[in-house]
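**Q** Spelled out, the chains give:
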Amino acid sequence: MPALLATAALLVGLVPAAAVAQEALPMRIPEVVARAAELDGQQVVFEGEAIGEALRADEDSVWVNVLASGAAIGVWMPREMARPIERWGGYRQTGDTVRVTGVVNLACDRHGGDLDVHATSLEVVERGTKRAETVRLRDGLVGAAGFALAAAALAVARRRSVRESEGE
Amino acid sequence: MWVPRTRDDVRVIARYLGMLVVGIGILMAVPFVTAAILGERAPMLHYFAGSGLALGAGALLMLAAPERAKLTAANGLIVTALGCFAAAVFGAVPLALSGHYGSYLDALFESMSSLTTSGLTLVQDLDHLAHAHNMWRHLMHLVGGQGIVVAVLSFALAHGGGAVSLYLAEARDERIMPNVINTARFIWFVTAVYVLLGTTALSVLNLVRGMDLVRGTLHAFWATVATFDTGGFGPQSQNALYYHSAWFEWITVMLMLAGTFNFSLHADIWRGDRGELFKNTEVRTLALNIFALSVLAASGLAATLAFGSSGEVVRKGVYHVLSANTGTGHQTLYAVQWLRDFGGLGFVAVVLAMAFGGMASSTAGGIKALRVGLIAKGVVRWVKSSLAPPTAIVVTRFHHMKSRILTPEALASALMIATLYLVTYVTGGLVGVACGYGVAESVFESVSAAANVGLSTGITSPSMPAVLKATYIVQMWAGRLEFIALFALVAATMLPATRRGGR
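As given, the protein sequences belong to chains A and B, one line each in that order. Under the numbering used here, the first residue of the first sequence carries the number 1, and numbering increases by one thereafter. Under the numbering used here, the first residue of the second sequence carries the number 169, and numbering increases by one thereafter.
Only chain B is shown next, with the shape it has when bound in the complex:
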């Protein structure tokens, strides 16, 4: 039976949505202050306008329901889906005003890409973009990586029921601490530690290499945030290639790995329990995945004969497989090189790495290593059952924070989400082909969008058709929310709201 929303539900949803929009408006104070300090007068006004619009609209929405209105789990799903889109809509305003985007749709694409930590970009003339706008693009990575709802939870919500609903709805199914607010705060604590470490290391590197203090520190902060949050934006059009530095690549590799780690694993490491690292099915799957795909990518690169030494092959191969697998999207190649110079095997390895993705409950996207591991164990169990006597009961275990039995429900859930990702990858690929692009590039770009990676063969550009921009926006949105919240929103939209509650 489909349960329609009541008008009271709609009011509560509007109130919580308003809180998220107000949160985005408040967050715009950061680029506003950046612009003020650096004397960027025009961007100051862009953030004044963006912030004003978000605060005004958010405050109006908050009037829809009383302060003490509780949020149910079902309504939490809808708030999360709508909240992500609403944040992108308002986050796009200052970008659209900057004059660096061909249209509002391009700016919306950028803010959705930023908030979902995808990293695909439609910005024009990035090398002349104001620091304030770069700050905003990267700040949205940071907030999106932790989960925009988690962000608001940490600083605004105090009532437990709504907080739990929103936390679970944002594709985060693990509570690291006994209390969900403490969990959200722990996530921010881990992030702060890595951002501090990464920014310090990259600042020193940038200063040694000749950047001035302001640019060096800002670039370091942006690169750290874009990498730890597995986003992939950069303040220069060449992305990671701008720096021409093996040190930069090593530091970002460490941050990519840290960013793709499940926050529960961070908690275990923090508590001094490193044993989990070696037992965890998800860690093992990801390690195997990265190793196998790196070998595949390196083989593809070696086969092109373009690279003079095995060191170059390993450096390029491992960096891009890691960038794809963790969903970061940093690249030290030009877009045209993917098909031309990376070799067939290398190309396939990177597409597979993007499709599989990083760990669950991390900042990464894609199917996720835990699900890939469970599906693999499910296949093994299936074969074992086929070979066992009819009376035998085959039990398969996996380790994820504790030893667990692989239940039919867990396997079905993993298979369902993996299937939805595959359908989304194929659908985006078909739209790309329908728009006149080649099959290989279309599939690459579609997987990159839906798995929130950000690597690009060059299709993603201001000149691509509007229908493809809209398709990628929906893919990034759906991929970040792992579908269920978006499906709940679609179902709720199709069912008319009833006058009263009392289901």
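The shape of chain A in the complex, shown without the other chains:
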């Protein structure tokens, strides 16, 4: 009986804890970087935009750089894990937002001592979108005025040059 009670107590204690861990709010990337020393070797969850492209690390793995709150971090993962990412952030588009679960390495032994994250799972939580370009007429007018001024100055310089050569 005491053993049964102890098991029940353990289960009651464990199940909510696991549920809480699953629902844990993702960390912010600047926080992961700032607290890397204390998080070294621990599993973290964070969300951010996949930027650039998947960079080949070796035959089976890639690097995905993830950006959020002004900081980006390199996430190393199997090639297959990165496949769901369709849009990569750049000038023309915002990349897919991904939720990464992975282990933080303050100075990764496998990757030359870099601060990185080795992913255990990746989920696309939001698709990226096209970024709009703001074309302002004002910029064109400023440029046109400048070129007109340059042309006028060139004309004055030419006239001076002609006068000087006539004077000689």
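The set of hints was computed from the structure by calculation and includes no laboratory data. Some hints could be false.
[To be verified] SDA-like, lysine to any residue: derived pairs with alpha carbons at most 20 Å apart:
(1) B/Lys238 with B/Ile194
(2) A/Lys130 with B/His296
(3) B/Lys238 with A/Ser165
(4) A/Lys130 with B/His268
(5) B/Lys238 with A/Ala157
(6) B/Lys238 with A/Ser161
(7) A/Lys130 with B/Gly267
(8) A/Lys130 with A/Glu86
(9) A/Lys130 with B/Gly207
(10) B/Lys447 with B/Met569
(11) B/Lys238 with A/Glu164
(12) A/Lys130 with B/Asp293
(13) A/Lys130 with A/Glu164
(14) B/Lys570 with B/Asp441
(15) A/Lys130 with B/Lys570
(16) B/Lys570 with B/Asp380
(17) B/Lys238 with A/Glu86
(18) A/Lys130 with B/Lys447
(19) A/Lys130 with B/Asp441
(20) B/Lys545 with B/Asn457
(21) A/Lys130 with B/Leu206
[Claimed, not checked] Chain B is nowhere near these chain A residues, computed Cβ spacing over 12 Å in every case:
(22) Pro26
(23) Gln43
(24) Glu53
(25) Pro78
(26) Asp114
(27) Val135
[To be verified] Stretches of chain B that chain A covers, calculated by requiring three or more beta carbons in the stretch to come under 8 Å of a beta carbon on chain A:
(28) 212-223
(29) 366-379
(30) 422-432
(31) 505-518
Since the structure is predicted, the reported quantities are computational estimates derived from the model, not experimental observations. A virtual CB, placed ideally from N, CA and C, is assigned to each residue, including glycine.
With the hints as your guide, set chain B onto chain A.
**A** Chain B alone, transformed into the frame defined by chain A:
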């Protein structure tokens, strides 16, 4: 006796300044074409506006004096100091229009950092910046690294007197070829060779790693230019850490070393004379400097126990000491890691590496290895003289392209410039502390700005006080010109212009 500028001097200065500004306007054609090819419509207009403003203002300034006006050495100093600032002012326009900078001051900081090959940045959301803007940031590195005046010299000036004045005023005291225009062209030739080699190697690497052709080639070109010109900008916010590649680091190490080499040494190697490499006092000083500081940095890193193998310690230690010593500023660490994970010794080693700098007449900044070597030899001579009989004459020689005697004038010049750098480092550090930052970070950032390095502990950010931004702008400007041109400008500004010449 102070010699004031005459009004004719002011007109000549304005004319040459106008030529430099026009040069910047013409250079903006490169990012404009980049934007046009890649269909980046908004950046196209930013460069149309920037180019128009530069051409208009430059052309007006050029009207100030007749075409044949000659430039004296003294006026050349003023043109160089003002030209660097004017280039930054006009170079900042398209960046300010991009919407990626908090203010025009931030954009000016960026263009000054770029032209002086410093590499400190205030850009926001860099990972979404247009290719055209990245092209401009890196192109300014390229032009600044060769010397903006050298750039204009090579393509615009044909009259020797003015050309020599400007060349010497831009902290380049060696003529590699008999003619200064040929020297400027040789500098561009060496640069073109390295840029071609670096871009090819990094392009192949990027393509193999999965980048598309356009991005792979552009990233390769930008990384090459930023490294060979010891600038340190990158097209991604993580800088060199974005690539997660030992190959990238090795290629950039080679480019950093090539970039910090005196162009006269490049000429010797080009002519097949490799003996100079082993005899040259500057090469020896730099090699010793890099070795000693790398050992110091590696010791600091090892002491933190964060790194699992000696390979990691050497890779991180040597890369960052080289990056600091050559004035490049690429980093594979996060800013917060400098104080936290690099260890006390490592931190000090990197600050010293930044302060000492690379070689004279190269694209690097800082005190420069030749001066450090001369000061060290001067100290040895001092000790020798103290121990020698009173009648003995102690002669110290050093080798720099040829065997030379260390004269009191050469030693005094080296000491004076080194002192000015130290005063600038301390002053910037004091302003940082006054703005509420820690002493160690403030000194690190100040040395990084004045030595045109670009490594950062995180102080340099859009949220730092405007007074600190302005301080770093002046430090980058003064450091690149090695002070004398800036002092000449200040003196000339304080003395009223006289009506006539005839001194």
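**Q** Does each hint hold? Answer for all of them.
**A** Going down the list of hints, with the structure as the test:
no. : hint                   : result
1   : B/Lys238 with B/Ile194 : violated, 23 Å
2   : A/Lys130 with B/His296 : holds, 12 Å
3   : B/Lys238 with A/Ser165 : holds, 18 Å
4   : A/Lys130 with B/His268 : holds, 18 Å
5   : B/Lys238 with A/Ala157 : holds, 17 Å
6   : B/Lys238 with A/Ser161 : holds, 17 Å
7   : A/Lys130 with B/Gly267 : holds, 17 Å
8   : A/Lys130 with A/Glu86  : holds, 12 Å
9   : A/Lys130 with B/Gly207 : holds, 14 Å
10  : B/Lys447 with B/Met569 : holds, 9 Å
11  : B/Lys238 with A/Glu164 : holds, 17 Å
12  : A/Lys130 with B/Asp293 : holds, 16 Å
13  : A/Lys130 with A/Glu164 : violated, 58 Å
14  : B/Lys570 with B/Asp441 : holds, 12 Å
15  : A/Lys130 with B/Lys570 : violated, 61 Å
16  : B/Lys570 with B/Asp380 : violated, 49 Å
17  : B/Lys238 with A/Glu86  : violated, 61 Å
18  : A/Lys130 with B/Lys447 : violated, 58 Å
19  : A/Lys130 with B/Asp441 : violated, 56 Å
20  : B/Lys545 with B/Asn457 : holds, 14 Å
21  : A/Lys130 with B/Leu206 : holds, 16 Å
22  : Pro26                  : holds, 19 Å
23  : Gln43                  : holds, 19 Å
24  : Glu53                  : violated, 6 Å
25  : Pro78                  : holds, 15 Å
26  : Asp114                 : violated, 6 Å
27  : Val135                 : violated, 5 Å
28  : 212-223                : holds (count 10)
29  : 366-379                : holds (count 4)
30  : 422-432                : violated (count 0)
31  : 505-518                : holds (count 3)
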